[in-house]
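Sequence lines, in order, name chains A and B.
Per numbering that gives the first Met the number 0, the very first residue in the first sequence carries number 0; after that it's consecutive.
Per numbering that gives the first Met the number 0, the very first residue in the second sequence carries number 0; after that it's consecutive.
A couple of the hints might just be wrong.
Identical copies carry no separate label here, and so any pair may be met within one copy or between two of them.
The calculated DMTMM-like cross-link candidates involving lysine to aspartate or glutamate, where the alpha carbons are at most 25 angstroms apart (straight line), are [as the list claims (entries may be wrong)]:
| id | residue 1 | residue 2 |
| --- | --- | --- |
| 1 | K185 | E349 |
| 2 | K364 | D163 |
| 3 | K8 | E351 |
| 4 | K376 | E9 |
| 5 | K377 | E148 |
| 6 | K416 | E186 |
| 7 | K326 | E387 |
| 8 | K455 | E403 |
| 9 | K357 | E78 |
| 10 | K426 | E404 |
| 11 | K185 | E203 |
| 12 | K8 | E445 |
| 13 | K454 | E187 |
| 14 | K185 | D199 |
| 15 | K426 | E348 |
| 16 | K185 | D291 |
| 17 | K357 | E148 |
| 18 | K325 | E387 |
| 19 | K455 | D34 |
| 20 | K454 | D105 |
| 21 | K435 | E408 |
| 22 | K15 | E349 |
| 23 | K454 | D44 |
To be clear, the hints were calculated from the coordinates, so they are not data collected in a lab.
There are 2 protein chains.
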Amino acid sequence: MHNTIFAFKEGTPKYKQIYDQFKLFIERGDIPANDPLPSIRQLADSLQVSRNTTLNAYEQLVAEGYIRGEGRKGYFVNELEPLLLQNTSLPPNKKKSASDSQIIIDFRPGAVDQPHFPLQIWRRIANQVLTLQESFRYGNPFGEECLREQIAAYLLQSRGLKADPSAIIIGSSTQQMLIYLGQILKEEFPSIIVENPGYDGAKEAFQFHRFMLETLPVYETGTDFSTLEQMVSRLIYVTPSHQSPIGVSMSIQERHMLIHWANNIQGYIIEDDYDSEFRYTQQPFPALASIDSTRVIYLGNFSKSFLPGIRLSYMVLPQPLLNQYKKQFLHFESTTSLLSQLTMAKFMEEGEWNRHIKRMRLVYKRKMQCIVSELRKKFQQTISIIGEQSGLYILAKIHLNRSEEWLIERAALHGVKVYPTSIYFIKNHFDEPTIKLGFSNLTCEEIQLGVELLKKAWSQ
Amino acid sequence: MHNTIFAFKEGTPKYKQIYDQFKLFIERGDIPANDPLPSIRQLADSLQVSRNTTLNAYEQLVAEGYIRGEGRKGYFVNELEPLLLQNTSLPPNKKKSASDSQIIIDFRPGAVDQPHFPLQIWRRIANQVLTLQESFRYGNPFGEECLREQIAAYLLQSRGLKADPSAIIIGSSTQQMLIYLGQILKEEFPSIIVENPGYDGAKEAFQFHRFMLETLPVYETGTDFSTLEQMVSRLIYVTPSHQSPIGVSMSIQERHMLIHWANNIQGYIIEDDYDSEFRYTQQPFPALASIDSTRVIYLGNFSKSFLPGIRLSYMVLPQPLLNQYKKQFLHFESTTSLLSQLTMAKFMEEGEWNRHIKRMRLVYKRKMQCIVSELRKKFQQTISIIGEQSGLYILAKIHLNRSEEWLIERAALHGVKVYPTSIYFIKNHFDEPTIKLGFSNLTCEEIQLGVELLKKAWSQ
């Protein structure tokens, strides 16, 4: 048998080929259990390889349990259960689907501007970080100290929020942090109030933990807090700086009222401050957490303001929750890149973060003006624009007596991808179909082209 | 005393400055052992800082053993042994934080070798990736297609596992993936079997979802599967290639038996293949999932084999679970860096990954030989070494009639940090105290010095 089977191939070690062949024989039952195998010397001679080669092959088979050595008696085949065969074949490489290839302009909310990204500076710092000894270990499970200190300084200066660096937890995304946070909240708080319409990603994270959801209605004129007193929940998730998706901001009276409510019932407010950096008509409002940080869980991230793919988020926890959180997750590893954390800390420390935010506020303000004026020019009275004071998208309410679905499909047929808002509602909906248009990574020319194509798509 | 000493500096957290000052007082004997410290409130008032700040400082001191809390009586200074290491200098280019300052050699498992990291190549690719348009968006929630294709090719070539790229999910860490995966498993599977001793991080992740745990005993001779038939769970978490922490590998008979078990009861095996790249005496064993992927959830990661701080992990899901997973997490964003994913995909595509693994296997093999021979030389019959065939750590069973705690503390006093194994047990324990020694980021000289210091520390 052994003389004929082996035509050794190039590129694979010989011992591996011998091992593979014997494994196959044994698995197929070609060599029955408890049969002896040729000795190492015999096999080496018959295959014209070194004894080391056959020894290596046999040792691998012994280690994996296919055969056993019985001292001087030699090697024997072990019993095997009948093999469970599979015939999984790999599919050919997937190409992009046809429906994607025709898209010329994508108004996707959530991508960021590429031309103004501080590429050289970020690279320089990232390259430095890779030479540090501390980059070659697991990081702090709650985030690197140096980044937490920078975030604390930034929150104080930009959001009026005094946060002890040790109360800051760094994670990979708002959703990931809400899932971890939900674990310590769900015992005491079986239900939570969410805005309607509101950020679907947060709702998904709360549903992960089976929180009951109560809904707080939000209109273009603001949030209707009158229903708050009748609700049973002692936990609320809000977006006070820039309501997602409607774009309104809470007044200071509403903020005080909400803080008062939370104090009264000993509850917590989860403040998602996801894109507060980009307010065009005034300075960014101070965070809700700056009024009373004992009742507010503050969430921030670098996705909109820097780069979504970096996956860096953070939250500031009130002391009792912080203690619980640190106890619960003491033995967990960090959820986000140590390298990105160290790079971002240095980027902030060097003042580049503040420069970046300042620059991007102007860039996005120009793009916002561009999309608003284009839409007004092309559509005039047939659309209403919602949320042009801040953020990286607008809503356009379309008075054309068409469904949201129709509007999105027609746009796609003309090479434009636009986004629904119905997904943000748990109940009710806008009185007329309303489309979400992100503009952050489009040029003004692309925005113009996109609006022009939309005009064509919807004109019939 | 406290009014005068603190002129807080800029740039260092206050709690840290308080901590540093008290540590110094205690180390110098300025505050004698068993003297009471001011209460948290008193100290906060006199220093005009928040109670959180003083609490944090005290908690750090408690954690490091400088002081102890005695409930309502307050905090007291602990006895300290005279410093043994004042005249030992740190090896060059190691700057460590104050709390670690006495540790000369840290046998921490989980850090990686820095000198052989492919710095130039990784930088070049990472820098390229930053110029791509696709880097400026949110990524695919389940991981980038290009990386999944590379991982599929690697798994086939190196682990014998045929995985469809679309069945691969990319996440940030094993724990994060187990938390997400647990969400879809917990409905059908209220309990899970874990190895005892076993990876504590996995247990934590299962406890996150309140899985009931059943334990499968593992000994130095292997896993005792005889109890499997009496268990009620239909889900099992195992580390077949390199049992964590004991280091044994499952034989092919055990693998077949386990697959057979899972098929019989329609259950699943979670195979955590966390460091299978580093087997020194034979080739890495094929994955359990290569025998029957319909009943195996395969987990892999880049922490040991590349860089723990990069936070890149992946799992391969059987079809029914994949469908459930994709449905559950459709609206979730990716949990790990898009940039790292794109860089790793290119790194693998260029063949650098295979080169890296080959190189590191030799590097770590040399280190393993070094630590084993040093331990044998210095300790001879007083220790037994467990798990020298593979992985980035060994276990050393110490026959000195001392407790694990004593061994760790004495080592620390001599400037060596070593790690317990008792934390891996849910019930029972090793018959004698057993210490975990990681060596991956130590040089042979550092390993020698570390073992020498251990010999001194434990010689009495």
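Now for the hints, and whether the structure bears them out:
no., hint, verdict
1, K185 <-> E349, "neither (40 angstroms within a copy, 47 angstroms between copies)"
2, K364 <-> D163, "neither (32 angstroms within a copy, 44 angstroms between copies)"
3, K8 <-> E351, "between (47 angstroms within a copy, 24 angstroms between copies)"
4, K376 <-> E9, "neither (50 angstroms within a copy, 42 angstroms between copies)"
5, K377 <-> E148, "neither (48 angstroms within a copy, 44 angstroms between copies)"
6, K416 <-> E186, "neither (42 angstroms within a copy, 37 angstroms between copies)"
7, K326 <-> E387, "neither (43 angstroms within a copy, 34 angstroms between copies)"
8, K455 <-> E403, "within (16 angstroms within a copy, 76 angstroms between copies)"
9, K357 <-> E78, "neither (50 angstroms within a copy, 33 angstroms between copies)"
10, K426 <-> E404, "within (18 angstroms within a copy, 58 angstroms between copies)"
11, K185 <-> E203, "both (15 angstroms within a copy, 17 angstroms between copies)"
12, K8 <-> E445, "neither (36 angstroms within a copy, 43 angstroms between copies)"
13, K454 <-> E187, "neither (51 angstroms within a copy, 51 angstroms between copies)"
14, K185 <-> D199, "both (19 angstroms within a copy, 24 angstroms between copies)"
15, K426 <-> E348, "neither (45 angstroms within a copy, 48 angstroms between copies)"
16, K185 <-> D291, "within (22 angstroms within a copy, 38 angstroms between copies)"
17, K357 <-> E148, "within (21 angstroms within a copy, 40 angstroms between copies)"
18, K325 <-> E387, "neither (40 angstroms within a copy, 35 angstroms between copies)"
19, K455 <-> D34, "neither (32 angstroms within a copy, 53 angstroms between copies)"
20, K454 <-> D105, "within (15 angstroms within a copy, 66 angstroms between copies)"
21, K435 <-> E408, "within (14 angstroms within a copy, 60 angstroms between copies)"
22, K15 <-> E349, "between (46 angstroms within a copy, 23 angstroms between copies)"
23, K454 <-> D44, "neither (48 angstroms within a copy, 48 angstroms between copies)"
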